Each structure stands twice: as structure tokens, then as C-alpha cells.
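Novice: Each chain, written out:
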Amino acid sequence: MSEARDELVVGAVAYSANVVPIWEGIRDYFRDSAEPMDFVLYSNYERQVDALLAGHIDLAWNTNVAWVRTLRKSGGTARALATRDTDQTFQTFMIGRKGGGLEGLPSLAGTRVALGSRDSGQARILPLWFLERDGITPKDVELVIFDSDVGKHGDTGRSDLDALRAVTEDEADVAAVGSNTWGALLAGGDAATADLEVVWESEHYNHCNFSALDTLDEDRAEAWVSHLLAMDWDDPDQRRILELEGLRQWKRAELEGYASLTAAMESQGIADGW
Amino acid sequence: MSFALVSRLIEQVGATPAGSTCLVSVDGPGEVEVVATWCDSTGNVVLAVHADAVEIHRGRVADPIAALPEDRRPGYRLWIYTNFHCNLACDYCCVASSPRAVPRVIPVDEFGELIDEAVEAGVRELYLTGGEPFLVLDLDERLTLATSRLPTTVLTNAMVWTGERRRRLERLPREGLTMQISLDSADPDLHDRHRGDGSHAKALAGIHVALDLGFNVRVAATMGSDAGTEEEKLVALFDELGLRDDQRVVRRVARQGVANAGLSVSRASLLPEVCVTADGVWWHPVAAADPAMKVRDSWRPLRATIDEMTDELRAHRLRGDVLASTFPCA
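Taken in order, these protein sequences are the chains called F and U.
Numbering (this note's numbering) for the first sequence: -13 to 260.
Numbering (this note's numbering) for the second sequence: 218 to 547.
Wrong hints could be hidden among the right ones.
[Claimed, not checked] If you want the ones that stay clear, here's a sample from chain U, every Cβ over 10 Å from chain F, calculated: (1) R341; (2) Q397; (3) F455; (4) S515; (5) D538.
[Said to hold, decoys possible] Only part of the chain U face toward chain F is listed, based on derived beta-carbon distances under 8 Å: (6) S237; (7) R289; (8) G292; (9) A478; (10) L480; (11) S483; (12) L487.
In short, the hints are calculated from the structure, not lab data.
Owing to the predicted nature of the structure, the values given are computational and were not obtained by experimental measurement.
All C-beta atoms in this analysis are idealised placements derived from N, C-alpha and C, irrespective of residue type, glycine included.
Based on the provided sequences and hints, a complete structural model is requested.
Specialist: In C-alpha cells form, the structure reads like this:
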């Protein structure tokens, strides 16, 4: 289907009104390229994955959870084309109150652990998997769950914040929080962070990527990706887009960074859907 | 209203995506008021007022206070430090109480006025603490007054109920009064290590006295990093005493007062629990001797004090909401 269109159509999820100027900027950047594009916004990632699989869009800006699902539902034929530099160094932190004496995942046995939305890789799916990998099953802890903004795969940061506030409100001893949310609170000078500390941090894993099906013409995909990778931090107009999107440089996607989430979703039986 | 300022507001806020914030420079309190009025009438929210700028959130936001359970909102509960002196000198005491502490007893007349204002301000329950409240000889009169107006809990080590104090204890109302008695461990070692030799046996005896006299008893443990598996043993003791879930409290030591270790706390990381002492109003009873946690020198008027604490909490929560929502993953 994609060959019949003049422009490549990229899907993205409208988790916030702020996404509109970002995608308008990216569309403008591609206007005079070999592969101009337009974008379509979806209300949630499940809808977007279905749209990609149905051929309604050529590319999808997917979360890591949406990517794993896309790959699974496409029978392993989907491709991850590009990602942000910041997507390759994503982490989950376990945050507790300073002075609580917790350090490392084994120390969390018997504690109250706050987790975010069920579709958030960083705040729920991976933390559960990391805990189990270290021998801490859900029976060994008291889980305090915040299913906030389900459908956005944790993009709004809401469930991370709800989990973190459970710690400050003494409803939990630790909270699983994505490195992006923790970083935003630190960078913004949130005063409560002074009383909190990272009691454990995960290894890096990958977050978002531009996903496509194998039906997308390889030459067109390569032309589009090449132009994307050429976006320049030193160009003021292009830098504005990069800053809004939270990166310095676009990268080609590396699939190893999705191994932990893939394993987590398979072990939790959510690779195909909830 | 300043035309130039309003023009700047329209331009800057108009260019800010909904859900994001912008800083608009202001010159003095007059301009801050203009910004507040403009925001209120245009559906935007003032997040914070800085020295020379106002931080504005584009669009309305849900009130974070309304999202809290009713019993966690500021002013639901009023804590009163009746006094600061104590028969014990626990090594983790968050307000450094001891037999040598200056008593700082709230005068009985002021206590009555405070209760009146608390009822008027919509407070739903009272917590009296210290120091050891029962060292205040007329505590029975205060508790009788308090329980006649609002459900009241008094925190005690249950060790001073002898002689005249015992007779006054027996005269206390049972209805609407809860005795929250401190007991840190099932075995004496841990408790006595922090609270003094022999204090465990006396506290346990006090629990039985209160239960035998028909009081509603809640047992509260404060645990530090050396508690180990003590909580499990304590739960077994709670079961033995026949305590319901709402009659058990286990909390961690805070790094406040004389505690040289424990949980780090501040106004930003604690939900406020309005706390009145003879010295003023404090953000939370766990830090009623920490100058950084002092809200006001006087609780009068109480409603305005509660509102001030609510506004501070709201501003902090709104700011956190905005920061956490800036996840750029479009």
C-alpha cells in the first residue's frame, strides 16, 4: 500500500497536546527531502499498532512495548528503523526515601513496592521482571499498583509520579520509576527528590523506535531514515525539533536493547495483548 | 491593568502548548496580581511566583488536593503538642524530648480556643502528643474537652499512670478517645535499648492497664535500622493482645530531633499534618522542632493556617505534575 502514496505516513500517539508541534516540525523538515511525510495521531498505542499492521500507516513511532507487540503480531517480520540516542540508554530506577536502609533488589523483600501502569515498560513490566530475575516474586513484596493513563505505555509519566508519591505518602517503601521521569524531576528542581535516593538501577534498555512492516519499500525506508539521521543539532531550526523530542541525535535502531522487555512480556504472558 | 503586561501574557502563554509552562517576567506584587487575575479569567494557572517572574501553566489543571483521600488532606487531622518534656529520653526522639526539655506546655485557655477553631475550620480528628502528655497534670480536663468536640487520640508511653494521674486516668471518657501507646518490640531488648532500661515492662503493663480500664488502645512501634525481624515478633504480640488492624501502627525512625539516622524528611516530601505547639505551627508532627518545618509563629487563625499549608502543597504537586509530564516521546 505504501508505494501507492506520495508521502510516507507516520503514526504517533497523541499522549499530550505537545506532540502536534513536534510532528509538524518533523514533517516540515522532510518537506523538501526525497521522501516527504505526513503524520497521523492515535489515541493509544494499541490502536497505532493495529493501524500499522493493517497498512494504514507506513511507519509508527512506537514505544518499546508497542514495538515488541508489533514484532510479535507481524510474525517477526517488522523492522525497527531508527531511534533516539536517548532511547538506547533508558533505565528503570527503584527510588526509596533516604535513610531507609534499602540497597539493591534483594533488600526489597518484605517491602511495599509501588509500580506504574500495566502497559508501561519502565514502571511496571520490566520492574516486575527485574525483581523476579533477582529472586523476588510478587509474593515476596506488597505491590502497590497505579494503573494511570493506560494506553499511553507510560509516556505521560503519570504512573511513575503516582508511584513515587506513594513513597512520600508512606504508602510504599520504593517506587519503580523510568529514568526519564526521575531525570525530569531532578532537572526541574523538584524539592522532594532531595529526600529520595536511587536504591537500585537497571541496566540500559531501549525505548521508542520507528517501526515498519517488511512491505515498506526498502529504498524508500532507507531514504527516509538517512534524511532523519541527518537532522543536525547545530542547525537552530532542526535543534528545536530535537530538543522538543528529547534527543541530540537520531540513531539506527539496535535490537539487542529490546531483549529484556521481550523476555519480560513473554514471561508475563502479555506479548500478544492484555 | 497594564496593557503591556497583558500583551506579553497573551503572546507568551498563547505560544505555550497546553499542559506546558512558561515564565512571564513581572515587576513587583502589583504585576503578580495582574497575572493572577488574567490567568484566572483566561483558564490558565499560576504555578509559582518567583522574585521577578511568574510561572504559568497553560490551561486548567485538576486540583491535586482533591485527588487526595479526604483523610490525607491538610486540616483533616490536627496534631497538638501539649508539652515537650518527657519522663523518657529516647535516642530517636524526633523533637528531642526528655526530662530536661523545656516543657513548653500550651496554656489551657489557648488549648480550648484551639479546639473551638479546629471544629470551626472543619478538622475531623485530634491527635495530642508530646513529650509525654500525661505529665501535664490537667491533661484529663483537656482530653475531656477535646473528646466532647472531636474524636481524639493521645500518644503516650503509658508509664506515668500512678497516684493522682492514675485517678485522673480512670475518670477519662472512653467514648471518642484512643490511647496510642508506644511499644517498639515484643521483647524488651530493642525497646529498652532506645527508650531506657525497664521501659518495655512498664509500657506493656500500661497497655494492659488501659485495656483493663476499657480504653480503645492502639499500639505504635517506631523502628530503626537495627529492628531486623522484630516486626514479625511484634505482629505476634499484637495478635496476642487481640488488637485489630486499626489498633496497630509500625513506623520508621525519622532523622529529626536527636535521631542521628533515619528517614530523610522535608516539607516537600511529606504530606502536611497541621501541627500546633506552644512555639507555633509545623508542617508535620515528626518534625516539630525543625526550623525548616515551621509554618507560622502562631496558629491563629487556624483556617488561614490550614489554607496556607494547602496552597503550598498544591503548588508543589502541580509543579511535580508538570515536570513528570514532560516526557518527550512524541
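Novice: So, for every hint listed, does it hold in this structure?
Specialist: Going down the list of hints, with the structure as the test:
1. With a cut of 10 Å on Cβ distances, R341 (chain U) stays outside the contact zone with chain F, its closest approach being about 18 Å.
2. Q397 (chain U), annotated as away from the interface, keeps every beta carbon of chain F farther than 10 Å; the closest lies near 17 Å.
3. Every CB of chain F lies more than 10 Å from the CB of F455 (chain U), the least distance being 17 Å, so the non-interface label holds.
4. Against the 10 Å criterion, S515 (chain U) stays outside the reach of chain F, whose nearest CB is about 25 Å from its own CB.
5. D538 (chain U), annotated as away from the interface, has a beta carbon of chain F within 10 Å; the closest lies near 7 Å.
6. For the restraint placing S237 (chain U) at the interface with chain F, the shortest Cβ-Cβ distance is roughly 6 Å, inside the 8 Å limit, so the hint holds.
7. Taken as an interface hint, R289 (chain U) checks out: its beta carbon lies about 7 Å from the nearest beta carbon of chain F, inside 8 Å.
8. Of the supplied interface hints, the one on G292 (chain U) is violated, with its beta-carbon coming no nearer than about 16 Å to a beta-carbon of chain F, more than 8 Å.
9. This hint holds: A478 (chain U) has a C-beta 6 Å from the nearest C-beta of chain F, less than the 8 Å allowed.
10. At its closest, the beta carbon of L480 (chain U) sits 5 Å from a beta carbon of chain F; the interface hint therefore holds under the 8 Å criterion.
11. Because the closest C-beta pair between S483 (chain U) and chain F is about 5 Å apart, less than 8 Å, the hint holds.
12. For L487 (chain U), the interface hint holds, since its Cβ comes within 8 Å of a Cβ in chain F; the closest pair sits about 7 Å apart.
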